[in-house]
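Participant: Residue numbers (the working numbering), protein chains in the order written: chain G, 1 to 571; chain B, 572 to 1142.
Just so you know, the hints here were simulated from the structure itself, not pulled from any lab data.
Keep in mind the model is a prediction, meaning the values are calculated, not measured.
A virtual CB, placed ideally from N, CA and C, is assigned to each residue, including glycine.
There may be inaccurate statements among the hints.
To be verified - With a straight-line cut-off of 27 Å between C-alpha atoms, the simulated DSSO-like cross-links for lysine-lysine are:
#1 B:Lys-791 to G:Lys-359
#2 B:Lys-963 to G:Lys-44
#3 B:Lys-791 to G:Lys-162
#4 G:Lys-51 to G:Lys-33
#5 B:Lys-733 to G:Lys-369
#6 G:Lys-455 to B:Lys-791
#7 G:Lys-369 to B:Lys-930
#8 G:Lys-369 to B:Lys-944
#9 B:Lys-733 to G:Lys-373
As the list claims (entries may be wrong) - Beta-carbon label-pair distances, calculated as ranges:
#10 G:Met-388 to B:Ala-937: 52 to 62 Å
#11 G:Leu-339 to B:Ala-937: 26 to 36 Å
#12 B:Gly-954 to G:Leu-390: 53 to 63 Å
#13 B:Glu-654 to G:Gln-399: 52 to 62 Å
#14 G:Lys-130 to B:Ala-1072: 28 to 38 Å
#15 G:Lys-130 to B:Asp-990: 34 to 44 Å
#16 G:His-272 to B:Glu-654: 34 to 44 Å
#17 B:Val-956 to G:Glu-384: 23 to 33 Å
#18 G:Pro-545 to B:Ala-937: 54 to 64 Å
#19 G:Pro-459 to B:Lys-944: 50 to 60 Å
#20 G:Arg-137 to B:Ser-995: 39 to 49 Å
There are 2 protein chains.
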Amino acid sequence: MMVAAVRPGEAGAMGTRLSAPRLPVPDKATLDKAFSAFSKVVGKDWVFDSKDDAALYRDPYSLLWDEAEEKTASGAVAPTSAEQVVDIVRIANEYKIPLYPVSTGKNLGYGGAAPVLPGSVVVDLKRMNKVLEVNERNSYAVVEPGVSYFEIYEHIQERGLKLWIDVPGPGWGSLVGNALDRGLGYTLAQYRNHFDAHCGMEVVLPTGDLMRTGMGAMPKAETWQQFKTGYGPWVDGMFSQSNFGIVTKMGFWLMPQPEAFATGRVSVPKYHDLIPLVDIMNRLEAGHIVQGGFNLSCPIIGTSIGGGPTAMVPTQQDPEIMAVVNDPIGFVPERLDPLGVKHGIPFWTCECNYYGPRKLIEAQWACTKDAFKAIPGVHFELGEVETMPLPKEKVDTLQDTVFYGIPTLRTFSVGPLKDYGGASVVGHVFFSPVVPRTGEAVIAANEVLGTIARKHGLPVTPIQFPNAAFERTFLFVVALPVTRDVKVNQQIRAIFKELIAAAAERGWGEYRTTPAFYDEIMDTYSFNDHALRRFHETVKDAVDPNGILSAGRYGIWPQHLREQQQRRKSA
Amino acid sequence: MMVAAVRPGEAGAMGTRLSAPRLPVPDKATLDKAFSAFSKVVGKDWVFDSKDDAALYRDPYSLLWDEAEEKTASGAVAPTSAEQVVDIVRIANEYKIPLYPVSTGKNLGYGGAAPVLPGSVVVDLKRMNKVLEVNERNSYAVVEPGVSYFEIYEHIQERGLKLWIDVPGPGWGSLVGNALDRGLGYTLAQYRNHFDAHCGMEVVLPTGDLMRTGMGAMPKAETWQQFKTGYGPWVDGMFSQSNFGIVTKMGFWLMPQPEAFATGRVSVPKYHDLIPLVDIMNRLEAGHIVQGGFNLSCPIIGTSIGGGPTAMVPTQQDPEIMAVVNDPIGFVPERLDPLGVKHGIPFWTCECNYYGPRKLIEAQWACTKDAFKAIPGVHFELGEVETMPLPKEKVDTLQDTVFYGIPTLRTFSVGPLKDYGGASVVGHVFFSPVVPRTGEAVIAANEVLGTIARKHGLPVTPIQFPNAAFERTFLFVVALPVTRDVKVNQQIRAIFKELIAAAAERGWGEYRTTPAFYDEIMDTYSFNDHALRRFHETVKDAVDPNGILSAGRYGIWPQHLREQQQRRKSA
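So here's chain G without its partners, still in its complex pose (with noise of 0.2 Å):
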């Protein structure tokens, strides 16, 4: 199966990847005719030049902070229109100057707005900001890039639209910026996968093209958020988690706001019975019976229940408990089966989410019991039917309103940060891989990861439980902090790297990480000698021909670069 033939001239037997380039940055001089042309552009007030303005592109939850490695940028410049876009983008080809587009830069725990290649001009999309369409009848809206979560809901409210959005934890981040990292979210499963809820982009290419994909390729169309793939290849997918183009806007399906929401909760007593949980949760999802999404949670060793961002909270610590979890001799989770029965706390709660009329919720719920009433010594409990929209005094008493389509910057008030290695922590990176949506991974992924993560003291709960918010799809999240101290920083790179390698060997791949990350993770996605990322870079030097844009994103370089990394590794 490792059969490959290799073009002549072709990146072919490279293999695994020196980390990030430190570039020659344009020279101060051309950097200054390039800013001076950006400025003629978008006007001098946005063209962003000062080693302060740059500052303000940093990072905040970096963990290259104050390093010699830090990715920060040589400034910016905020376009208000495609046509600016486009004119930015033939000036850097012009001048060779390497550009980072950012939406609204709030990918926190992700990178932020800092660029990949130290020295890039940041393209600050903020201030193309319009809510360009939003169809009621057709359940879609049309967005340019710095229309953040919290602007398009004040839009359909001011407007009575009955129409939700899916929002990710915060909402000040961008729909566009969010659906290409391919975030994800709290409702139906179709809205919650961000960028498969996307139909339709206009894109900027690295050459200065201007490009509508699907149905906007055809003047007139009036089908460009109804369709997706058009005719000919599909190309959305290569515009995310990539560096191949710029998406001026893009289409999102929306969905109809519902008659009620409930959660059901579904226990079980034993943590084997995970195993049968999460098959009768994958055939209840493929089924399309709960499509409104399952959260896991380990009550007996005391993480809330409620899913979402808060869920890692412990709250409660019962002595008896605590004696297996912190036993010496090690943790053997088994051993907590009969302390849940004695004390009536179950080991495991799927809460199962539930959108519609309150008659379609009430039968998904009875499918439902009948599906896990197979697991013996289940409990069920049905939440209240909630009518939508919640009334205001509601909505402001929660703790998270991501359920309900209501973007929130609750998720940042989950209490003060742990020190960590003696150091204050400042924020979060996230380890993100991909396990089997099976039970038996879960076990094998707390075995594997929660002991790395443990033996490192990282906040972590005794046993961790993945999160589904992707259809089919188990990802297992370990947060890792970041601090202003350059030393523990160093200690937290190596442990994201060990957990990189530790996963990798199993098979478990990240789905998505921060730009530290981006090459050791692209290295692990190796098969017959890094084929798809040798496709990658063929795609990129035929789009991008100078390399000018968003080098190193997600591991893909353009050819100059890589062929400087290879120097230096020869050297």
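Mind docking chain B on chain G? Use the hints.
Facilitator: Just chain B, lined up with the frame of chain G:
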């Protein structure tokens, strides 16, 4: 918005293309050498180099049959493994032999097994017919391109697995081929869209490199069929309706066998009731309340109820109604409204399909009635809620089994085809534009496209209804006859082109077509001087530098053939 920056040397302003080039196909001596080299890979018995052999790959539904432009092959080669495909591609690069891969070659009405570029060698993948895995716990399958719907169905039945496949009209086609041409089916929305239901690919690139996408790029990953997008750019869409690679393995998400199936019928009395009918359909679908699809029909003018391939067969011919339909002054559909009331025949019927537990189906039907009851005069009727699997005796009596996930060829038994233009009709090609998902658009498409179809005596009903198999999308399909009479076929080609132009004028673009019209249709996707096609060409030249693979497929020609076309145009 029409700003374009074109790289020097790029095919910037080519605009509308000429039709397919007549190529200098490889000379006999070079072909013989290549066939001899192919023999060493696959064995002499699996190289088909005679004229009789090549004739087997003619498209029986070609509108160019026996004309100089007919798209015929030089021969064929039939590998049994991805490794053999790699070797064939390497040989083709060495001898500059144009290749044209087909899966089972059954894409009738959309091209069959014939290459786009005459003289190409067909890479016939039907011997690669292994079902590599069917996973019941996680509801997916992995197949090679030669696996037909019949074969995987038998595989699942023999093993007693509780999984359903989603099948297209005729079941002899390939899962891989149908998905790559973006075909559609009849069960739940996610599975009906055959490309959307795939997860993970293995591809032989035109240079002979073997690549796996998504999680398949990670060695040891068990999630290749569980998580679509993997890490970095998601490239799978590039290999649909294109010529960027030969797909040798593909994963598909399957549906757990539902407990039951039922069809609910919603009938409305007036022509313009279609407008609220479609709006309500859209909200039920986007809210994931009706997920089993909608089949529209038009009982007032005698189209049968039942959707699918048989829906266009007239079943009743009331004389009073036919007098209005055939009014020599012109057919005004609204004039049928009172006759429908008088005879108790609804104007429109929308069948809604439901899959799942009985109590869920009953609730979904209740919600469906709640939603449609806003239309005055609406009538509801729920068919039998049938327990799955259907008993074999029942299956044997059905006109069509596609709604039950059972492959069939009964679609070919709808009776003899009428003559057209004095010639016997041997088959059909389909004109399949995407129109907005509104009642107004269906009415407009009937006026514009229906009028053209009737003017030319095409076998269409007085009112045509759209196909709603794709979510949020309407396809307005017109079947055109194919004969063995060159003059008649030329007329039909002219009608097809008239339809393309009239549709494009309204912004209605085709989602798929037969090769005779690949270029004409790609021409209509012309935003910003054909930016999307120019992007495809840039990618094509990079990934297939010798231009050997499926030249011309979906209007994408390699560089040397584009240049030849330019010379012909200038000459």
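Participant: Each hint should be assessed against the structure and marked as holding or not.
Facilitator: How the hints compare with the structure:
A threshold of 27 Å between alpha carbons decides the hint, and for Lys-791 of chain B with Lys-359 of chain G the separation of about 44 Å lies outside it, so the pair is violated. Restraint check: the Cα-Cα separation between Lys-963 of chain B and Lys-44 of chain G comes to about 76 Å, which exceeds 27 Å; the hinted pair is violated. Restraint check: the Cα-Cα separation between Lys-791 of chain B and Lys-162 of chain G comes to about 46 Å, which exceeds 27 Å; the hinted pair is violated. For the hint linking Lys-51 of chain G to Lys-33 of chain G, the alpha-carbon distance of about 17 Å falls within 27 Å, and the restraint holds.
Restraint check for Lys-733 of chain B and Lys-369 of chain G: satisfied, since their Cα atoms lie roughly 20 Å apart, inside the 27 Å limit. Taking the CA atoms of Lys-455 of chain G and Lys-791 of chain B, the gap is about 25 Å. The hint holds against a cut of 27 Å. Between Lys-369 of chain G and Lys-930 of chain B, the direct Cα distance comes to roughly 12 Å. Compliance with the 27 Å bound is thereby established for this hinted pair. Of the supplied pair hints, the one linking Lys-369 of chain G and Lys-944 of chain B is violated, its CA atoms being roughly 31 Å apart against a limit of 27 Å.
The hinted pair formed by Lys-733 of chain B and Lys-373 of chain G meets the criterion: a straight-line CA distance of about 19 Å does not exceed 27 Å. Under the hint 52 to 62 Å, the C-beta atoms of Met-388 of chain G and Ala-937 of chain B, about 19 Å apart, miss the expected range. Checking the proposed 26 to 36 Å range against Leu-339 of chain G and Ala-937 of chain B shows it is violated: the Cβ atoms sit about 44 Å from each other. Taking the beta carbon of each, Gly-954 of chain B and Leu-390 of chain G are about 38 Å apart, not inside 53 to 63 Å as hinted.
The hint said 52 to 62 Å for the Cβ distance between Glu-654 of chain B and Gln-399 of chain G, and at roughly 56 Å that hint holds. The hint said 28 to 38 Å for the Cβ distance between Lys-130 of chain G and Ala-1072 of chain B, and at roughly 34 Å that hint holds. A C-beta distance of roughly 56 Å is found between Lys-130 of chain G and Asp-990 of chain B, which places it outside the suggested range of 34 to 44 Å. Between His-272 of chain G and Glu-654 of chain B the C-beta distance comes to about 41 Å, which sits within the given range of 34 to 44 Å.
In this structure the supplied range 23 to 33 Å holds for Val-956 of chain B paired with Glu-384 of chain G, their Cβ-Cβ distance being about 30 Å. Between Pro-545 of chain G and Ala-937 of chain B, the C-beta spacing of about 60 Å keeps the proposed range 54 to 64 Å intact. In this structure the hint that Pro-459 of chain G and Lys-944 of chain B lie 50 to 60 Å apart at CB holds, the actual value being about 54 Å. The hinted window of 39 to 49 Å between Arg-137 of chain G and Ser-995 of chain B holds, with their beta carbons roughly 45 Å apart.
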